[in-house]
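There are 2 protein chains.
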Amino acid sequence: MQYGKLYGVGVGTGSPDLMTLRAVQVLQSVDVIVIPNSSKYLRSVAWRIAGPAVGPAPENQERLNLLFPMTKDPEIIGPAWATALEEIGQRLEGGKSVAFITEGDPMFFSTYIYLHREAQARWPGIEVEVVPAVSSYTAVPSVIGSPKADGQERVAVVPASYGLEDLPAIFALFDTVLLMKVSSIMPELVDILEREGLLERAVYVSKATMEGQKIITDLKSIKNDKCDKCDYFSMVMVKRGKRSGVLFGESKAGEALATS
Amino acid sequence: MQYGKLYGVGVGTGSPDLMTLRAVQVLQSVDVIVIPNSSKYLRSVAWRIAGPAVGPAPENQERLNLLFPMTKDPEIIGPAWATALEEIGQRLEGGKSVAFITEGDPMFFSTYIYLHREAQARWPGIEVEVVPAVSSYTAVPSVIGSPKADGQERVAVVPASYGLEDLPAIFALFDTVLLMKVSSIMPELVDILEREGLLERAVYVSKATMEGQKIITDLKSIKNDKCDKCDYFSMVMVKRGKRSGVLFGESKAGEALATS
Chain H
1 MQYGKLYGVG VGTGSPDLMT LRAVQVLQSV DVIVIPNSSK YLRSVAWRIA
51 GPAVGPAPEN QERLNLLFPM TKDPEIIGPA WATALEEIGQ RLEGGKSVAF
101 ITEGDPMFFS TYIYLHREAQ ARWPGIEVEV VPAVSSYTAV PSVIGSPKAD
151 GQERVAVVPA SYGLEDLPAI FALFDTVLLM KVSSIMPELV DILEREGLLE
201 RAVYVSKATM EGQKIITDLK SIKNDKCDKC DYFSMVMVKR GKRSGVLFGE
251 SKAGEALATS
Chain X
261 MQYGKLYGVG VGTGSPDLMT LRAVQVLQSV DVIVIPNSSK YLRSVAWRIA
311 GPAVGPAPEN QERLNLLFPM TKDPEIIGPA WATALEEIGQ RLEGGKSVAF
361 ITEGDPMFFS TYIYLHREAQ ARWPGIEVEV VPAVSSYTAV PSVIGSPKAD
411 GQERVAVVPA SYGLEDLPAI FALFDTVLLM KVSSIMPELV DILEREGLLE
461 RAVYVSKATM EGQKIITDLK SIKNDKCDKC DYFSMVMVKR GKRSGVLFGE
511 SKAGEALATS
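Residue numbers (our numbering), protein chains in the order written: chain H, 1 to 260; chain X, 261 to 520.
Check the hints yourself; a few may be wrong.
[Unchecked claim] To give an idea of the interface, some chain H residues facing chain X are shown, with a C-beta separation under 10 Å as derived from the structure:
#1 G4
#2 L21
#3 S110
#4 P187
Note that these hints are calculated values from the structure, not bench results. Where a beta carbon is used, it is the ideal one built from N, C-alpha and C, also for glycine.
Next up, chain H with everything else stripped away, as it sits in the complex (with noise of 0.2 Å):
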């Protein structure tokens, strides 16, 4: 059977003059655009992203909403992909071509990640193709004005709600390390970063180049606004700089933070 082709397209972290040209263009051109929701009252965040760049659908183009809640619940999730899976099979079956567009990179942390690893299976022999994109891990360094690596430095990229007990061991091997999904986990991880000496060079980021993006530097102001539900958006980056490069000694590490 010769299936449409399948798309993961990541649309950037939130600005939408942050797309790649080639997301714009695929969204532009495909037959079908796949549009994740995470509830029924709420815009999906990545078409808030992708419909200014990408603009009016073209005559025949379909834009098709489908609901994934965020829930880590099986019960709740499986039916949810059950229907999401039937509904871009039909489409995919019928030569159509498909995209499915994600916040920040479609191979990070993405709902696409399931329909990408599903794909063989259902539709043997179907080409895919996955449009990378800047991601959040990416964004924060910019925004804060602090460089993530430079000469012989260490990148650790961690979802902080997990393991925080591997965090001394993880700051011991690296550099610089993002924290993802900070929101719940604030009060031990100030703990943590007081007792590393790291809280001064640590950087607290929500909604990194999305309106309303903020940046904190004084993470003990924030230790208690505990947030369940805005994980997504934020992000603690640390970074202590020990190997920078050829340039720069061990004391100007951390310097842009400080200044920033």
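Since chain H is already given, all that's left is putting chain X on it; use the hints.
Relative to the frame of chain H, chain X by itself:
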């Protein structure tokens, strides 16, 4: 003094259409584009990427080629930077906006980082904007079709040419490890991967998204292809995937690598 605005603009990993809309817009509107060249005899890689998307220079736009030899010798790189900072400074002091372009993302192992760090000291109060871009560690998972992280997974990005002895500890703590600058240490790296039982879970990619892109799954076949000068464009991705999402069992980890 009112300086012109300084931009660090990432042009992405190699394919011109992976530039962001913002990068193109900035490069089409600034007074000066600084184009870094690693040699007098080769065209700038960053400009080979950006040129096609940016197009011919608008009237009054200067395209300033500067030389940054690819070396760690401070006796060579120091004077090159002195010249570059003087040339760039003249334009900024004249109120001109200047965009310095880099392959990949400006905050990640780029020539721009040194300029970024020097800017506030040399031109106090200068406005600086960094335009983030698709980086090699983002593009590689897309081109090999293997998700970088999902669920509880952790990602490490490590320049492999330093501290190889730390790799076993890093493999134990992380699910996906992206090893950069691998070309000069392939024999040692293949030995380590074999000892760790990770050879089957490693993929080599060079020139991701560029013309001449190579994806090699049998790392032993290139173990002895040392290439000291092509480091910038080569990477090995190792995926253990122990902590993938709620919808995937452990057994599925790494399957995308095995089939791609």
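Evaluated hints:
1. G4: Nearest chain X Cβ about 18 Å off; hint violated.
2. L21: It holds, given that the least Cβ distance between H:L21 and chain X is near 4 Å, below 10 Å.
3. S110: With a closest approach of 8 Å, the H:S110 hint holds.
4. P187: Violated: closest Cβ of chain X sits about 20 Å from H:P187, beyond 10 Å.
Of the hints listed earlier, those the structure fails to meet are numbers 1 and 4, in rising order.
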